[in-house]
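Novice: Build the full structure now, drawing on both the sequences and the hints.
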Amino acid sequence: MSGVDPIETFRQEAQELLEQVEQGLLDLAHRPGDRDLIDAVFRGLHTLKGSGAMFGFDALAAFTHHCETAFDRVRKGEVPASPRLVACVLAAQDHMRALAEGRSVAAGAGEALLADLQAAVDGGETPAATAEPSTAAARTWKIRFSLPADALVNGARPLPLLDELRDLGECRVRAIVDDVPSLEDLVPTACHLAWEVVLTTTHGRDAIDDVFIFVIDEMTLEVEDVTAGPTSAAVEAVAEVASAEAAVQESRAAKSGETVRVPAERLDEMMDRVGELVIAQSRLKQLASSSLDTALRAVAEEIERLTSEMRDTMMVVRMVPIAQLFTRFRRLIHDLQHDTGKRIDLVTEGETTELDKTVIERLADPLIHLIRNAADHGLETPEQRAAAGKPEAGVIRLAARQAGAEVVITITDDGRGVDRARVRAKAEENGLITPGQTLTDSELLHLIFAPGFSTAAAITNLSGRGVGMDVVKKTIEGLRGSIDITSNPGEGSVVLLRIPLTLAIIDGLLVRVGSGRYVIPLASVEECVELSVAQDLRSTGRSLITLRDELVPFIRLREQFKTGSSPDAHQKIVVVSTGQDRVGLVVDQILGDHQTVIKPLSSFHADVGAFSGATILGDGGVALILDIAALVHLGQRQDAQMRVAG
1024 MSGVDPIETF
1034 RQEAQELLEQ
1044 VEQGLLDLAH
1054 RPGDRDLIDA
1064 VFRGLHTLKG
1074 SGAMFGFDAL
1084 AAFTHHCETA
1094 FDRVRKGEVP
1104 ASPRLVACVL
1114 AAQDHMRALA
1124 EGRSVAAGAG
1134 EALLADLQAA
1144 VDGGETPAAT
1154 AEPSTAAART
1164 WKIRFSLPAD
1174 ALVNGARPLP
1184 LLDELRDLGE
1194 CRVRAIVDDV
1204 PSLEDLVPTA
1214 CHLAWEVVLT
1224 TTHGRDAIDD
1234 VFIFVIDEMT
1244 LEVEDVTAGP
1254 TSAAVEAVAE
1264 VASAEAAVQE
1274 SRAAKSGETV
1284 RVPAERLDEM
1294 MDRVGELVIA
1304 QSRLKQLASS
1314 SLDTALRAVA
1324 EEIERLTSEM
1334 RDTMMVVRMV
1344 PIAQLFTRFR
1354 RLIHDLQHDT
1364 GKRIDLVTEG
1374 ETTELDKTVI
1384 ERLADPLIHL
1394 IRNAADHGLE
1404 TPEQRAAAGK
1414 PEAGVIRLAA
1424 RQAGAEVVIT
1434 ITDDGRGVDR
1444 ARVRAKAEEN
1454 GLITPGQTLT
1464 DSELLHLIFA
1474 PGFSTAAAIT
1484 NLSGRGVGMD
1494 VVKKTIEGLR
1504 GSIDITSNPG
1514 EGSVVLLRIP
1524 LTLAIIDGLL
1534 VRVGSGRYVI
1544 PLASVEECVE
1554 LSVAQDLRST
1564 GRSLITLRDE
1574 LVPFIRLREQ
1584 FKTGSSPDAH
1594 QKIVVVSTGQ
1604 DRVGLVVDQI
1614 LGDHQTVIKP
1624 LSSFHADVGA
1634 FSGATILGDG
1644 GVALILDIAA
1654 LVHLGQRQDA
1664 QMRVAG
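Everything in the sequence shown is counted per this note's numbering, starting at 1024 for the first residue and increasing by one.
Treat the hints loosely; a few may be bogus.
[To be verified] Quick list of in silico lysine-lysine cross-link-like pairs, DSS-like style, CA-CA up to 25 Å: (1) Lys1380 with Lys1622; (2) Lys1099 with Lys1165; (3) Lys1496 with Lys1380; (4) Lys1585 with Lys1595; (5) Lys1449 with Lys1496; (6) Lys1622 with Lys1308; (7) Lys1496 with Lys1308; (8) Lys1365 with Lys1413; (9) Lys1622 with Lys1585; (10) Lys1380 with Lys1497; (11) Lys1497 with Lys1595; (12) Lys1449 with Lys1497.
No wet-lab data here; the hints were simulated from the structure.
Remember, predicted model here, so these are calculated numbers, not experimental data.
Specialist: This is the structure in structure tokens:
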């Protein structure tokens, strides 16, 4: 028995169709006359309706039918793709999503949406070219079709197809039983019937083809115009051959980019197995290094190479383009314009940048908060922007780029910028700082990430409750990332996120501090220098070292972790950075590189700021993974305190 749930498969495909419809509608809002977009939206709605009917989602199929009908009129040029119509179908699309997912919907919600949709269709202006009512003559078509033998097993249902043909006009249906076997040879789950339909309709051939649009690749279909005699039939036959050839070419094109749908849970399980394999390989490497057996060493090196390749392959499999995340925000911007009364343009860059799928999923909510905040607090109203000499439409720019083992995401707006005086006043009011306390500009701006902090003058459905920005910071830090903000009054703000490519396995630098071993993410390491005894003594009062004419603060991890041990004679400084901010970490010994399988800390240790996780070493011991962003911030704070004290 197959473990594939056909209902779950339908729901996944329905989500993809709904996303395609949504993107098409959002594009159509900017290009209302684009025929390709109109056809794409219609096909998506038509396919969703047919698939829903096949899998027993009758409420979804019935509701979608009305939206499909509306877009059929747009496709025929009877009504325009007005902003109101697009907005109504977008709202209806949310209802379709709820029906597809099996979520409960409010009583009467569907009827209200359809009433709005009908009003939008009736209120649309009829294009001049089609102002006169259609006087197309009825034509009679002879249609013969059969489904593949396994169609019923795969969820296909012929009755909805026949019902759609009946909706087109006067219809006579005859079942063809020529291929039905004798009772002893009959397979109950196989489809042995074919159907012949004589249809008289004012609709054209395209409407008939649309009925079979979602099963056309697997079925046999013959359509003949029997209205005007052999000449017309011959013409239709030629057209059918051309259509069949086009379908074959389209099918071949689709197969060239074949993909396999794999449940996310299986990828997670595989990643766990690869992680355990990396740990076992590390153990083997350690045993081989202490052995004189050359054959064992050779096998250990081969296993290390294969494990590394498998790890890299698994990483690539889990990577998805960030475009999957960015495209979701087009709808958000569309809704924000309606909620705020502002004109907002969304610009995206670097959509091909790839991230681990788990990271993508966990980034969605923080980015929604940041975009909402930019729209509500950052961007001005059209009147305010015009008075300030800016274009009436504000711009929110989402950009992504890869930097080593990290992805840098920026959320930029060209609004009013952060009001420093208001931030300080609110922080003093909330007791976050004392009146008159000296703060750097960066520290002042970072106060907006404090729990409960908000400068909104009034609570709205977007912001003002003091909830969101602190959650954003915690979520980003939970991803082992960092968040920073810069702002210029009157010019706008930039929020910068640094996110690791993956949460599972990283390359690390294994170091020793006292008797403990720690892992520093290799992507953050810039260089390693020696800290002589003389330098150590000179910097006792102030922990600074000069690197190429630049002062870099450093932290003695031995003191930070309170090891209670004396320093080694030849200490090392590992210089790490998070973007432009640098700090040195003083360690006793550098042990070498290490493929690090990241294990989360327990809830008891999760709040310890200096560590982001742990890993198991080859000898079975545990090494803590250093949180570079937290340590860089600590080093900067200690340096600032020393400057004030000095």
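Novice: Each hint should be assessed against the structure and marked as holding or not.
Specialist: Here is what the structure says about each hint:
1. Lys1380 with Lys1622: With Cα atoms ~18 Å apart, Lys1380 and Lys1622 stay inside 25 Å; holds.
2. Lys1099 with Lys1165: holds (23 Å)
3. Lys1496 with Lys1380: Holds - the C-alpha atoms of Lys1380 and Lys1496 are around 20 Å apart, at most 25 Å.
4. Lys1585 with Lys1595: Between Lys1585 and Lys1595 the Cα gap is close to 18 Å, so the pair holds against 25 Å.
5. Lys1449 with Lys1496: holds (19 Å)
6. Lys1622 with Lys1308: Distance of about 21 Å is within 25 Å: holds.
7. Lys1496 with Lys1308: With a Cα-Cα distance of about 39 Å, the restraint between Lys1496 and Lys1308 is violated, given a limit of 25 Å.
8. Lys1365 with Lys1413: holds (13 Å)
9. Lys1622 with Lys1585: holds (24 Å)
10. Lys1380 with Lys1497: holds (19 Å)
11. Lys1497 with Lys1595: violated (32 Å)
12. Lys1449 with Lys1497: holds (21 Å)
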